[in-house]
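> With chain U held as given, fit chains G and Y with the ligands onto it using these hints.
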Amino acid sequence: MEVDRGSSNDFLSNLSQELFMIRETGVREEGERLIELQIGPAHPGSGHMRILAWVDGDIVVRCDPDIGFVHRTIEKLSENRAYIKTIPLVERPSLLDTTPMTIGYVNAVEKLMGIEAPPRAKYLRTILAEITRIASHFYGIGILAIFLGHSTGFMWAFGDREVMIELATMLTGARITYAYVIPGGVRRDMPQNFPDQVEKGLRYIERRLKDWEKLFLNNPVVERRLRDIGVLKPVMARRLGITGPNLRASGVDYDVRMAEPYEAYDEIDFMIPVAEEGDAYARGLVRFKEIEQSISIIRQAIKKIPDGDIISPQISRLFNPLMKKIYAETRRVKFPSLLATLKPPKGEAMARVEAGRGEALFHIISDGSTNPYRFRFVTPSFRNVILFKYLIPGHRLADIPAIYGSIDYFPPEADR
Amino acid sequence: MSLRIVEEEMDPEIKELIEKGFDKTKVLKVSLPKPGAVVQRNVDALLTGFKYVVKPMRLTIDYPYKAVEYPEGYRGMFRVDDNKCVGCSLCDVVCPADAIRLVLKDKKKVPVINWGRCIFCYFCVDICPVEAFETTKYHDAVFTRFEDMLTTLEEFTKRPEDYVPMRKIGKRYKVVIDEYRGLRYEPVG
Amino acid sequence: MVYIGPLEIPGRLIYDFLHIFILPGFGAILVLVILIIWAERKIAGLVQLRYGPLHVSRRIGGALQLVADLIRYSLQEFIVPENVDKIAYLMAPALALLFAVIPIAFMPTAPGIAPPIYVEPNLLLILAVISLAPIFVIVTGVASDNKFAFIGSLREAFLMISYEIPFIISILSTAFIYGTLDLYKIVEAQSKAFLGVLLNPFAALVAYIAILRITGRFPFEISEAESELVMGPYTEYSGLMYGVAMGIGYIKLYVYTLLFSIVFLGGWLPISSTGNIVFDYILGNIILLIKASILMLIAVFLRSVYPRYRIDQAVRLGWSLILILSGAAVAWSLIIRLIIWR
Ligand code: SF4
Ligand code: SF4
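Residue numbers (the numbering used here), protein chains in the order written: chain U, 1 to 416; chain G, 1 to 189; chain Y, 1 to 342.
No lab work stands behind these hints, which were simulated from the structure alone. What you are looking at is a predicted structure, and each value in this text was computed from that prediction instead of being measured. Misleading hints may appear alongside valid ones.
Here are the simulated SDA-like pairs of lysine to any residue, each with C-alpha atoms no more than 25 Å apart in a straight line [what the hints assert, rightly or not]:
| hint | chain 1 | residue 1 | chain 2 | residue 2 |
| --- | --- | --- | --- | --- |
| 1 | Y | K147 | U | I35 |
| 2 | G | K66 | Y | Y51 |
| 3 | U | K210 | G | R41 |
| 4 | Y | K147 | U | F69 |
| 5 | Y | K185 | Y | I340 |
| 6 | U | K210 | G | Q40 |
| 7 | G | K84 | U | N320 |
| 8 | G | K55 | U | F154 |
| 9 | U | K210 | G | E179 |
| 10 | U | K324 | G | S89 |
| 11 | U | K324 | G | E134 |
| 12 | G | K174 | U | T330 |
| 13 | G | K171 | Y | I60 |
| 14 | Y | K147 | U | P44 |
| 15 | U | K214 | G | S31 |
| 16 | G | K84 | U | R331 |
| 17 | U | K214 | Y | R41 |
| 18 | G | K168 | Y | P53 |
| 19 | G | K29 | U | I268 |
| 20 | U | K389 | Y | D312 |
| 21 | G | K26 | U | A259 |
| 22 | U | K214 | G | P56 |
Bound conformation, chain U alone:
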């Protein structure tokens, strides 16, 4: 990976100057040509946001994403609640992508407290994270499809996602908001027939990917809508701080699972799909390839999963006899009362994860009390939203949904 040293600032200011020029010329030289479109927040193609687009004829000359409609003050809320109560909170913003988020948060808390999850728990976390990654990618692909008007792609994506959700339900007991990862381990062991069911589900997804290719990816109309649309150059992607599949579709090989392995990723052999083109089609394709990789990760993890505890001994030694009995019999972790009032020592901890849409960063500052002093939560969508400003100008109005869908931007996740 080569880095362009320096000149980033100039580049950005030049770019905004350029965009400004486009807008200026649009108004000054050609009179009242620009139409200002307010796409959203109540528009079938906007999601929980507003896209302000200035259209000259059919060409968008300027585009501003207007975010914040679903802001939930997660960072502030977490300062007023015990550490464990933030776990269900961090998984709220990113629908379907919940486990990577909880893993990141819990990793940061674990680092603060100096405990570590046992290997089996790490594998379980990895498996669930990859299941949600598949579901999350399907969600993104489905939204891309419906934005292009391809209703079958939408329904297929949501249908196939359902299989993954069913698998996760077997493991965790909830459909989407699992709250499965707790400091020191996970809450349940996998049921007896789980590996079997997972294998079936994965085979089903593999089978369906072939049809996906025929009906969606190779569909000439889909291809024409996505090829060479919203091309993101690698240099630009790096400078704008883009993350996740969008970054990898632009030819930058970066993935937190590889760069800074967490959980069981360093013991698993997988590849990161990288495409050169950086257009909307490449972004879609990289997601499909990542689904394939996730399938292989889950398979390996299921095969390699070690026996043993699913909760760290530092936690399990606090169990009372009844809890010990339940844990031994049903492999369900009861919480010792300490968990409700965790008091990590003073300090800071940072954790990164590769969530479905990209890198998420968790930074906790503890002042030694039961609540975090500060919790910083950077989500991938928040980093990708800038793409609206840089990718859309110069394209046609009909490309706004195509680009929006292809960057898999999810407003609640960005607004947090």
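Chains G and Y with the ligands alone, transformed into the frame defined by chain U:
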């Protein structure tokens, strides 16, 4: 704020990582397919669509005439056993949604729940030191009034089926993951 | 031939009435549109791994869903926004609907029976009336005082020009072969030789693609693109008018596929006039409707396979490949007419 990268100040580890990049064998080059014959691809797409018309494969279930029976351990509504409860109030402390409130009964604190706030995280169930909560898989609740979601102790000690209004639902089906059809629904019992 | 011209037989008036109000007129339109929309949803449901409409009238698979929808539309509050051009806003969809159905009056649909309005070059007349309808779609968009509606109607204008021309060329090129502009004689000519679709496959292909575009089917559902323009020209409509606006596309589809099946699929062939007028009327119409329904089913099936084109891609396709193909259709017709047909 500058985006300039000052080389001297960089962490040597990060610097090394940037120079080196990843192990290239771990990078899967995705090359976009060459646009093939348009007619062929059109036909492929049409045939794939047609395949599903002839051989339908449904993932959905005909709710509410049929309904899904969730797997063992599904986190549904629950009740409290007020004889077991020792009034430690931990469930109230841990509840992330502030759904649990404690009421006094015979000088003992016992929890009641607000179903409108509960997010079914089961933290309360898992933290209870005496396993006073009894869980069920019941989840198709239909409350018509907001106040109904606030339970009294008398209600919360009953099983949810006994007091939660519920839509008439047909037969329950178990979800089975199927290699060919994705999801299959098998009648329970 | 048994050819019932105006006032030739005593039952003429009755036939005219039946033609306009029952078969293939309004009655058939109502039933077929309901069935086609239901079929569209059901086919989409099948492809998309789900049931499709079912809850309304479970016994017959939810076929009455559209009736329920219509009841809902008509009970919904009908809002006329403040700044719209009221007369144009209210009239345009009605006129678009009217001009979409008028061509039926010119179409011969059964052997031995002339249409209610019978003029010799009725094909020309139909093409003229049919190409008026999009103008009112444009009017709806302009009158609505809404940017999305405005952009939608501009798109409609672009697409109308780029697809109606190839459509008219391709239909007329078949008329070269038959040497007549009378639909009745076109069918007669097909009964003597091959069906039009075999005689001039280029023209048939162009005409079918153009029909998909003109009636706003996928992959050419561009002027109403939901994720871009909400509902295109009809964005500001609510209540019953919205229902009408939604139906116009399907009614157009019906009329165009009728025309297509007369010109290219031999109308009521394989039956020919038996002399029994009642029998001819019913059977001829039903065969024609079956042909048209198959075409409509294919058109609505495409929804579950294709997304929509971008406007410039569709216009480019219209002016390049489709126009070239329609040129080829003309050339092919001339070759057949001059060399083989004679
Ligand atoms: S399940 Fe969670 S939200 Fe519901 S009462 Fe228990 S702790 Fe509170
Ligand atoms: S945690 Fe259990 S014992 Fe304690 S108050 Fe709640 S229900 Fe009672």
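> Please work out if G/K66 and Y/Y51 have their alpha carbons no farther apart than 25 Å.
Given that 25 Å is the threshold and the Cα spacing comes to 13 Å, the pair holds.
> When you check the alpha-carbon spacing of Y/K147 and U/F69, does it fall within 25 Å?
holds (23 Å)
> Check the hint pairing G/K84 with U/R331 against an upper bound of 25 Å on the C-alpha distance.
Judged against 25 Å, a Cα distance of about 22 Å means the pair holds.
> CA of G/K174 to CA of U/T330, is that 25 Å or under?
It holds: about 22 Å lies between the C-alpha atoms, which stays within 25 Å.
> Checking one constraint from the list: CA of Y/K185 to CA of Y/I340, max 25 Å. Satisfied?
Roughly 19 Å between the alpha carbons, so the hint for Y/K185 and Y/I340 holds.
> Is G/K171 close enough to Y/I60, meaning Cα to Cα at most 25 Å?
holds (22 Å)
> Between U/K324 and G/S89, does the CA-CA distance stay at or below 25 Å?
holds (21 Å)
> Quickly compare the C-alpha distance for U/K324 and G/E134 to 25 Å and report which way the hint goes.
holds (18 Å)
> Would the pair G/K84 and U/N320 pass a check requiring their Cα atoms to be no farther apart than 25 Å?
holds (16 Å)
> Does the alpha-carbon distance linking U/K210 and G/E179 stay inside the 25 Å limit?
Holds, at about 14 Å.
> Y/K147 and U/I35: Cα distance at most 25 Å?
holds (8 Å)
> Check whether the Cα positions of G/K168 and Y/P53 lie no farther apart than 25 Å.
holds (21 Å)
Violated hints: none; the structure is consistent with every hint.
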